[in-house]
Amino acid sequence: MEQQREAGTLGMWIFLVTEIMFFGGMFLAYTLYRTFYPAAFASASNHLDITLGAVNTVVLILSSFTMAMAVYFTQVGKQRPQVLCLVLTLVLGVTFLGIKAVEYHEKYTDRLIPGKLIPGAEFGPDPHKLHLLEGATLKQVEMFYWIYFAMTGMHAVHMIIGAGLLTYLIIFSLKRRFDPEYHGPVEVIGLYWHFVDIVWIFLFPLLYLLGRHLLDH
Amino acid sequence: MSEHIVSVRVYATIFLVLLVGTALTVWAAFLDFPYGLNTIIAMTIAVTKATFVVLYFMHVRYSARLVWVIVGSALLWMAILFAFTFADYLTRNKLSIGF
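Line by line, the protein sequences are chains S and V. Each step along the first sequence adds one to the number in the working numbering, with nothing skipped, and position 117 is 117. Each step along the second sequence adds one to the number in the working numbering, with nothing skipped, and position 37 is 1037.
Hint data in this document are derived by calculation from the structure and do not stem from the laboratory. Since we're looking at a predicted model, the values are computed, not measured. Note that beta-carbon positions come from the ideal geometry of N, C-alpha and C, so glycine has one too. Careful: at least some of the hints might be erroneous.
Partial selection, computed: residues in chain V whose CB lies under 10 angstroms from chain S [to be verified]:
{"no.": "1", "residue": "T1025"}
{"no.": "2", "residue": "A1028"}
{"no.": "3", "residue": "N1038"}
{"no.": "4", "residue": "M1043"}
{"no.": "5", "residue": "A1046"}
{"no.": "6", "residue": "W1077"}
{"no.": "7", "residue": "L1090"}
Have a look at the derived ranges for each label pair, beta carbon to beta carbon [as the list claims (entries may be wrong)]:
{"no.": "8", "chain 1": "S", "residue 1": "G98", "chain 2": "V", "residue 2": "Y1062", "range": "30 to 40 angstroms"}
{"no.": "9", "chain 1": "V", "residue 1": "L1066", "chain 2": "S", "residue 2": "V55", "range": "33 to 43 angstroms"}
{"no.": "10", "chain 1": "S", "residue 1": "A7", "chain 2": "V", "residue 2": "T1051", "range": "41 to 51 angstroms"}
{"no.": "11", "chain 1": "V", "residue 1": "R1061", "chain 2": "S", "residue 2": "V55", "range": "25 to 35 angstroms"}
Assemble the whole structure, with the sequences as input and the hints as a guide.
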């Protein structure tokens, strides 16, 4: 049993390495374009809602904590708190997605969806609402939003998959399938959930916080 | 190797560290540091937070050596990805032959 559990963890880690490579490509694109268009990236970033971003960071960190606690309660064989922690994790994950949806809608009403993806709402923000720092152009701001939506979008897709996996865990833990002897799925899905949290730990400062110190100058 | 159960106290401590890190990074973002230090500070905090998550929430600190090797390999390949790409892009205008 011990060997099986270790093999499962190892397999999950190998999958997570491929995930790191996958997100790594987008982080690379972000770094390159930010190097080319620093002023535009700072201007575009300043338009993001820092409060919603920070609240979402806390929500996700809290959900990582409850996930870790779910693993703990499984390991010590306490079924009721285990189910409770899994449900809390799911609720927090859905909360995160809800807040993200509010932010996306805000970008939609401000016409910041890049390209012509949505008919009637092509990229074209009101110049009074988006303060362009010196040296920034709208075309470059649009590039920031391509990257913003690609990265946060892929992150949200991972959250949705995570919510599905948590639902499976809740159903099976209600059936008392996991105990100190067998709990590979709880641990492995926990690893996935923490990974998605880590991606956000990097996305938050990189997308939301890069231009705030330039605002009053 | 028998399974190591991380205590509630450790989990709670890490959770608090992550909250403090989040508050710190938001606070630091509004201060204007010289020499582009803002990005370096933000990334240092993010890497620290991620390290705590990996070591404790993801149990890597108590995991087999092989897990360490796999996590390390991910970091190595990321370093190669960034180093080689930037070695190209950042040196393009230094050549006179043109692209």
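Hint by hint, here is what the structure shows:
{"no.": "1", "hint": "T1025", "in the structure": "5 angstroms, holds"}
{"no.": "2", "hint": "A1028", "in the structure": "8 angstroms, holds"}
{"no.": "3", "hint": "N1038", "in the structure": "5 angstroms, holds"}
{"no.": "4", "hint": "M1043", "in the structure": "7 angstroms, holds"}
{"no.": "5", "hint": "A1046", "in the structure": "5 angstroms, holds"}
{"no.": "6", "hint": "W1077", "in the structure": "6 angstroms, holds"}
{"no.": "7", "hint": "L1090", "in the structure": "8 angstroms, holds"}
{"no.": "8", "hint": "S/G98 <-> V/Y1062: 30 to 40 angstroms", "in the structure": "35 angstroms, holds"}
{"no.": "9", "hint": "V/L1066 <-> S/V55: 33 to 43 angstroms", "in the structure": "38 angstroms, holds"}
{"no.": "10", "hint": "S/A7 <-> V/T1051: 41 to 51 angstroms", "in the structure": "25 angstroms, violated"}
{"no.": "11", "hint": "V/R1061 <-> S/V55: 25 to 35 angstroms", "in the structure": "29 angstroms, holds"}
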